Every structure is written in C-alpha cells, then in structure tokens.
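Student: As a plain string of letters, each chain reads:
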Amino acid sequence: MTDNPERQPVILVVDDEEMVLVSIKSFLMLETEYDVVTCNGPAAGLEAVRDRTVDLVISDYLMPEMDGISFLMQVKMLQPHSIRILLTGYADKENAIKAINEVGLYQYIEKPWQNADLLLVIKNGLEKRFLIEKLQQKIREVQMAQESLQEIQDQIVKAFM
Amino acid sequence: MPESLKILVVGGDPGVPQTGAEIRRAENLESARKVYREDTPDAIVTTPDLARQLLPELTRDPDAPPVIVVGSSSFPDAFACVSSTADLPAWLAAASRYRRLQTEQKRVREHLVQQEKMAALGALVAGIAHDMHTPIGTITSNSDILGRSLGRLRELIAGECCPESFRSHPELVRVVKIVDEITKVNQLASDRITSIVRSLRNFARLDEAEVRETNLHECLESTLTLVHHELKNRIALRKEFGDIPPVRCHPNQINQVFMNILVNASHAIQGTGAITVRTFRDGEWAKVQISDTGSGIPKENLTRIFETGFTTKGAGVGTGLGLAICARIIQDHSGRIDVESEVGRGTTFTISLPIEWKTSQPESDDRQS
Chain A
1 MTDNPERQPV
11 ILVVDDEEMV
21 LVSIKSFLML
31 ETEYDVVTCN
41 GPAAGLEAVR
51 DRTVDLVISD
61 YLMPEMDGIS
71 FLMQVKMLQP
81 HSIRILLTGY
91 ADKENAIKAI
101 NEVGLYQYIE
111 KPWQNADLLL
121 VIKNGLEKRF
131 LIEKLQQKIR
141 EVQMAQESLQ
151 EIQDQIVKAF
161 M
Chain B
1 MPESLKILVV
11 GGDPGVPQTG
21 AEIRRAENLE
31 SARKVYREDT
41 PDAIVTTPDL
51 ARQLLPELTR
61 DPDAPPVIVV
71 GSSSFPDAFA
81 CVSSTADLPA
91 WLAAASRYRR
101 LQTEQKRVRE
111 HLVQQEKMAA
121 LGALVAGIAH
131 DMHTPIGTIT
141 SNSDILGRSL
151 GRLRELIAGE
161 CCPESFRSHP
171 ELVRVVKIVD
181 EITKVNQLAS
191 DRITSIVRSL
201 RNFARLDEAE
211 VRETNLHECL
221 ESTLTLVHHE
231 LKNRIALRKE
241 FGDIPPVRCH
251 PNQINQVFMN
261 ILVNASHAIQ
271 GTGAITVRTF
281 RDGEWAKVQI
291 SDTGSGIPKE
301 NLTRIFETGF
311 TTKGAGVGTG
321 LGLAICARII
331 QDHSGRIDVE
341 SEVGRGTTFT
351 ISLPIEWKTS
361 QPESDDRQS
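Line by line, the protein sequences give chains A and B. Start counting the first sequence at 1; every next residue gets the next number (the working numbering). Start counting the second sequence at 1; every next residue gets the next number (the working numbering).
Heads up, some of the hints might be wrong.
Derived list of chain A stretches under chain B, where covered just means 3 residues or more per stretch with a C-beta under 8 Å from a C-beta of chain B [unchecked claim]: (1) 23 to 33; (2) 142 to 153.
Restricting the straight-line Cα-Cα distance to at most 25 Å, the calculated cross-link-like pairs of lysine to aspartate or glutamate (DMTMM-like) are [as the list claims (entries may be wrong)]: (3) A:K25 / B:D131; (4) A:K25 / B:E22; (5) A:K98 / B:D180; (6) B:K239 / B:E218.
What the hints contain is simulated information worked out from the structure, not anything from laboratory work. Remember, it's a predicted structure, so these values are computed and weren't measured experimentally. Even glycine gets a Cβ: it sits at the ideal position worked out from N, Cα and C.
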C-alpha cells in the first residue's frame, strides 16, 4: 500500500448517528494521518464538499434528509474524482449493489462494520484516488510536452518555409 | 378422526339407532354438562325442552358439536330438527361428516394462528436486528479502538520518554492489566452479539419471504447459533455436512423446521449428550438428518408426534403444534420428514427436500387440503 506522501488525504464521513461519526473519526485519528471531517447529515455533507476538495466520502444509507445513494450521486456531480463508499445495513444491500453501478460507488461496507476492513477499503480507495490524480498529472504533462513539441515543430516548419 | 361417533343423548331416549356409535346418556342438563366437559361428544341428541336451555350455551362455542332435536322443528340454531326417530340415522351420518370437517377446520385455524404469530414475531425480530446494527457496530468498533489505543499506550510506556519510576509503578501496571483484560472480553462479547444478530436476521429472512435457491448449510448454521444457549456445554454438537446443492425452498419456513427439531432434540437430552447434524444428497433429494442421544420416543407415540395437539411437555411448555407445523411445512415443499427412535438411545429426524422443487400450488390453496 502506498501512502501518498505529497499531501494529507481528506476524508468526509456522513451519518445521522453521532455515535458512528465519533467511532469512525476516533479510529482514523488513531490509525492514520488523514484529515477527517464529519457531518451529521447530507445537507451539511454537501456544504463541506462545496467548500473543499474531498478525496474520499463515506456515507450512511438511511438518513432523514435524503438517502446515502442520492447524497453520493450529488457528491459525484460536485467532485467527480472523489472515492465514494456506502455504509449500509444488511436490508439495504440490494440497493447498495445496484448503486455500485448507477452511482459509481467504489465499495459498500455492511453495518456492523469491522475497523480493519474499513481501513483496508479506505486505503485502497485513496490509492486509487491518488493514482488517478497522478495519471491526470501525467496526462497534463504529456499534453503540455506535446503542445511545446508542436510549437517547436511549427517553428521548424516556419524556418524551412 | 373419530372412528366411532360419540353421541350424547340428553333427556330420555328418543330411540337412537344402534349403529356402532358410542352412546352416552344424561338425564338432565347438569349431568349433560359434566359429560360434555369430560369428553366432548361428536353429536348431541336431545328433546325440545332441554334444547331450549342447551342450545344458547353451545352456540357460543364455535367448536361445539352438532345438536339434533327430536320432536320439534322450531330450533334454527340446531344442526337438525327431526320429527321422528326414523330420520335420525341419516342425520347422525350427516352430523358425523360435519364433525369431521369441523375438526379439520379447527386444525387449520390453529395452524393459521400459529403462522400469523410466527410472522409477527419474525417481523419484530427483523426490526430489532435492523435497529441494532448501528449501536452494535459502534460498540464493536469502539472496543477495537480501545484495544488499539492500549497498544499505543504500552508502546509509549515502554519508550524512552517515560520515566522508569512511572513505568514500573505498581498502580500503572495494575490498571493497564485490567484495561487490557476487559477490552479483550468486550471484543469477544461484541463479536458474539454481532453473530447472534446476524443469525437472527438470517433466521427471520423477511426480505426473502419467497421461494429461492437456498444453501441449507447456511440455514443450519444460523439456526445452530440461535439454539446455542440451549446446548451450552451440556450437549456436544457434531456437524457432518456433506455435499448438497442449493435447494429451492422458503428459507424462513425451513429455518423454523430446523429450529423446532433442534430444540426438541436438546430437550430430549437430560444431562449431557450429543446432537449430530448430517447433510447428504440422495439422488434428487437433499437430506438433513438431526440425531440426538436423548431419551427417545416410545413406539406408541411415534405415529402421533406429528399430530396437532400432541405433546408430552407439561401444560404451558409445549403447544403440540411444533412438529405438526414442521410436517405441514415439509409437506408443502413436497418433501418428507421421517423419524426413527429408540427409547433410551435417541431419536433421528430425517428431512428430505426435493432439490428441484416445482411450486405448482398457488398460495391460497396451501390453506386447504
């Protein structure tokens, strides 16, 4: 597993149950160096996503304002490259599986969750996120190189005309 | 089914024909009530005078036997009113058929009540299991965090920045030891709750009320977790799971059957013993065999255990419905349930389910037959 050394990953956890937020945040603070933001509802969660770049979002499924899938769908529109994870009870499993395709979920985790599993999923998710980031960086570099190459080519062509 | 009709004749003999029926007589209402309480007759034959008092008492009870009044036609509540005893044999034969249907109806009604109870209980269990996810998830997670945090604390205490006087302080050593132990116990406890809740929710399976391909081993595992408290250290559990393919069935109903037989098995074992759960494939059948080393079932009871109302447990303990419902469920799955038993050695129930079950009967038909 490659921890990204360049910057501190930002994790957003959204659940209407305060106890879940405290538990997950405490766990991540103990085991990782992540910047963990918690919100007790989708509305507050969306505000957080509008404010700053979030690398990975973990959301509960059953919440009063809107369900976790609709919430993650909106997160996807705001930050398409964020990694999205649904935390769900057993009864909602089928919805979760459907959502993996529809919303582009990275993973779903069943409640009650195991911390070790949660950490593994988060780490893998972040790895994917940073690989994509690196890939985009490389693509930009290649594009820039190509552009300057094109420029040089144009100059050479001009010089010979 | 009553082989010979039990007829109660109240108030003088109107001339009941001798047709092999078992006839009891009561001269007055008082003795009629007594006979009725002791052993409910299948039909009552009486005079108009006594019918006037008897009928209002009986019509309150839906399971009351049919009443035939001889010598009057003015009793709408009676099963029949006949003017002469010559008509009695025909009406008694009709009463006998009526009684048989009435018994069957009572059995079906009890079965339905029990099923409704189970359905309500199932919904309750599934609801509770669902509501417990969040708190149990939190407790499980938190005990894990506590364990990890204690590990960190220990590293710090062992590290250079910790003065030796603090590190070896007896009170510190004691507290760390206590926290370590209770955290480990908490982890075991929350693991167990998690597994019980998971089994409950698998057992109730309300989300899967329909017929589906079912792994019988999963059904058995979740049921065994739930009966664990019945077995404890008293009864050894042997699992001999063979190779059986998924079976098309109602998993929640099949779970109920396993539960019933396993609980019976554990009740049959006084003191210590063993329960063996075997599964194997036999042609087109998936078989589940549950054997106990319990007290066994006497021969004379062996044919009766699947009857509604048959119980050897004390009043308020057994309902006499458990195995009757099991038999019904397995029957509805076109399967078989067989029993072998030897007093003092133990009992083996064998449940055979067709691997490819065709659900031919519509749901509403299930309630009759």
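Student: Which numbered hints are broken by the structure, listed smallest first?
Tutor: Hint check: 2, 4, 5 fail, others pass.
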